[in-house]
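For the sequence shown, position 573 matches number 573 in UniProt numbering, and the numbering has no gaps at all.
These aren't lab readings, by the way, just hints derived from the structure by calculation.
On a predicted model such as this, the values are computed, not experimentally measured, just so you know.
Some clues are possibly wrong.
[Unchecked claim] For lysine-lysine, the following BS3-like pairs were computed, each having C-alpha atoms within a straight-line distance of at most 25 Å: (1) Lys93 with Lys448; (2) Lys493 with Lys448; (3) Lys499 with Lys509; (4) Lys497 with Lys513; (5) Lys466 with Lys493; (6) Lys241 with Lys448; (7) Lys513 with Lys490; (8) Lys515 with Lys641; (9) Lys92 with Lys448; (10) Lys490 with Lys325; (11) Lys490 with Lys515; (12) Lys6 with Lys241.
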Amino acid sequence: MKVKRKIFWGALITLGIVYGDIGTSPLYVMKALIMDAGGLNGLTEDYIIGCLSLVFWTLMLMTTIKYVLIALRADNHGEGGIFALYALVRNKKKWLILPALLGGAALLADGTLTPAVTVTSAIEGLKGISIGSQPWINTQLEVNLVTFVILLVLFLIQRFGTSFIGKAFGPLMLLWFSFLAIFGIVNLIHEPLVLRALLPHYGLMLLFSPANKVGIFILGSVFLATTGAEALYSDMGHVGKRSIYLTWPFVCGALVLNYFGQGAYLIKNLGNFKTTGDIFNPFYEMLPSSVYLFGVLISTIAAIIASQALITGSFTLVEEAVGLKLLPKMKVEHPSLSRGQIYIRTINWSLCICTLLVLAYFRTSERMEAAYGLAITITMLMTTILLSQYLKDKVNIVFNGIFLAVFLSVELIFLISSLTKFTHGGYVTLLITLLILLIMVIWYFGNKLRDYLSDEEEWVSLSDYKDVLQELSNDDRIPLYISNLVMLTKVDKRTYKVKRETLYSILDKSPKKAKVYWFVTVNTTSDPYTNYYTVDMMGTRNIVNLQLYLGFKMDHRVNLYLRQVVEDLIENDIIDEQPQKYTTMPGRKIGDFRFIIIQELLSPNTRVRGWQHLLISARIFIQNHSTNPIQWFGLEFSEVKVEKVPLLLKKRRIPAMEQRMILNPKDVKRSTKE
1 MKVKRKIFWG ALITLGIVYG DIGTSPLYVM KALIMDAGGL NGLTEDYIIG
51 CLSLVFWTLM LMTTIKYVLI ALRADNHGEG GIFALYALVR NKKKWLILPA
101 LLGGAALLAD GTLTPAVTVT SAIEGLKGIS IGSQPWINTQ LEVNLVTFVI
151 LLVLFLIQRF GTSFIGKAFG PLMLLWFSFL AIFGIVNLIH EPLVLRALLP
201 HYGLMLLFSP ANKVGIFILG SVFLATTGAE ALYSDMGHVG KRSIYLTWPF
251 VCGALVLNYF GQGAYLIKNL GNFKTTGDIF NPFYEMLPSS VYLFGVLIST
301 IAAIIASQAL ITGSFTLVEE AVGLKLLPKM KVEHPSLSRG QIYIRTINWS
351 LCICTLLVLA YFRTSERMEA AYGLAITITM LMTTILLSQY LKDKVNIVFN
401 GIFLAVFLSV ELIFLISSLT KFTHGGYVTL LITLLILLIM VIWYFGNKLR
451 DYLSDEEEWV SLSDYKDVLQ ELSNDDRIPL YISNLVMLTK VDKRTYKVKR
501 ETLYSILDKS PKKAKVYWFV TVNTTSDPYT NYYTVDMMGT RNIVNLQLYL
551 GFKMDHRVNL YLRQVVEDLI ENDIIDEQPQ KYTTMPGRKI GDFRFIIIQE
601 LLSPNTRVRG WQHLLISARI FIQNHSTNPI QWFGLEFSEV KVEKVPLLLK
651 KRRIPAMEQR MILNPKDVKR STKE
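Throw the hints in and build the complete structure from the sequences for me.
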């Protein structure tokens with residue numbers, strides 16, 4: 001009984017988290033296809049049947065087969081999404097970083113349009129509805145104002161966490177999908193012949209039919225039915241693949257019934273449409289008047305849930321990108337005790353501003369739909385490339401070849417058909433994609449170039465300075481700088497190589513005497529939830545080479561981990577206790593800490609020129625204008641010193657100057673022995 005209850009609640013939560021995007025597609029897919037026909041007057045029965053066939057088989061091929069049956073198997077310790085997939089295959093080929101960067105950037109960019117188009121489509125259903133003698137909303141401006149307020153409030157509440165309303169998402173989405181199915185069936189029973197659309201040849205015939213005025217480009221609107229498939233894969237880590245397997249048949253059935261119900265309504269009323277406003281939406285038009293207002297209300301709620309899921313998904317996506325060093329470090333906050341509840345202020349407000357600007361620019365859902373979906377086709381294409389690399393070791397070469405050929409071909413056709421969206425506003429999301437991609441390229445390849453150009457002289461062996469550090473620690477002539485000096489740096493596990501600037505900070509910039517010297521390296525692993533450490537004492541009791549191993553989804557709060565490590569080492573008599581005479585905590589065994597963070601600035605004394613100089617400079621600019629490392633390492637309430645050092649890459653050799661003249665030196669009397 002308990003197992004069944006657990007499965008039920010897991011399925012309910014999945015409905016609320018995973019299917020928001022794809023679940024609100026019925027609000028605008030058929031409406032977009034009507035616009036492709038030139039409006040209501042361009043509709044024919046063959047056109048409607050063909051559209052339904054294309055929508056159905058797109059859902060089957062792209063969502064069911066590619067994502068549910070194949071992609072969900074490519075999980076990284078339960079996590080899904082393009083970055084989790086890249087983490088699985090990044091060691092196979094170096095060039096795989098390119099589809100990962102492009103796909104991730106496009107997915108983030110497409111998210112700026114999704115909340116705007118879903119909420120606007122829902123609110124437009126209120127136009128012309130009267131309560132008493134006065135309509136609620138008359139103009140598109142009023143629609144936009146209501147949408148603006150809803151979206152702004154949605155972004156404002158993110159910092160408080162959404163667990164308090166998230167519990168209601170599942171039941172509400174269950175109600176939504178039931179609503180889709182019921183009123184799809186209500187209309188379908190009046191035109192059961194619409195089920196002919198289940199045969200794929202109707203869709204293929206439409207692509208070449210004279211009734212189809214836009215030709216193959218109609219697929220750009222059809223593709224809107226499956227834009228949420230990538231989110232389905234990305235959210236796997238929140239709910240588990242089993243829950244998705246259990247719920248997708250119900251969700252898919254509800255979507256298909258609703259699309260076919262809209263098609264049945266259109267066929268039944270061909271030439272006899274009664275519009276209630278300047279924008280015709282078959283989703284609302286097919287509803288009985290008695291449930292129309294409820295339909296608008298539940299649609300708005302579903303649109304808000306879809307937007308919330310997308311915002312949360314964006315936080316998760318960025319957190320993974322930061323963990324894989326594809327984006328600069330950002331402060332991740334945890335509004336609740338739930339591990340899945342995160343909040344990234346920079347991303348939240350960037351997404352908010354972009355979404356509201358999109359709303360102000362496009363104004364109507366019709367114009368948004370014309371631009372929507374272009375970026376996500378790029379993401380799906382990139383996922384296919386990465387997925388084929390993953391499948392190389394999992395299936396035989398024939399299956400992998402068929403998979404790659406089929407989905408690469410289909411998605412290229414969808415991409416080509418979506419190119420018409422560029423002139424209708426698709427350039428907005430592409431520009432955002434390019435901006436995000438530029439930041440990711442600068443950060444990733446800037447780091448690679450910096451490491452490649454680093455001179456061998458920049459690195460020294462920590463073991464060569466072991467005796468010097470111990471001598472400094474025991475030198476009574478030098479005052480104690482701090483009990484525990486923590487250098488946040490990178491130490492090679494095998495060679496003990498460390499940046500020279502690290503030891504320069506301790507020894508040359510007025511020697512820093514400490515009881516214990518900590519050299520802390522944070523290693524990010526491909527396993528999302530890795531959480532362990534190793535310690536190398538180098539044959540001493542006061543020099544600690546600490547290696548932290550954290551998954552790319554783990555919080556990097558070094559101060560919390562260090563506290564546990566210190567307690568473990570003292571308990572095991574690895575380091576000496578540090579009793580404090582003056583303290584508010586009697587019996588305290590740990591002394592005070594000071595963290596040293598070294599910040600690099602590109603030195604003018606370097607031979608790096610041209611594009612390399614530009615790339616390194618841009619990378620340093622992004623670093624200095626992104627999250628403060630103090631916040632990233634969770635050291636806001638710790639004693640921290642940030643030291644700036646010059647970054648020397650291919651150090652320029654200054655030629656020795658020729659001495660020409662020395663004027664008027666002071667005579668120096670030298671004593672000589674007789």
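Quick check: which numbered hints come out false for this structure?
Violated: hint 6 alone.
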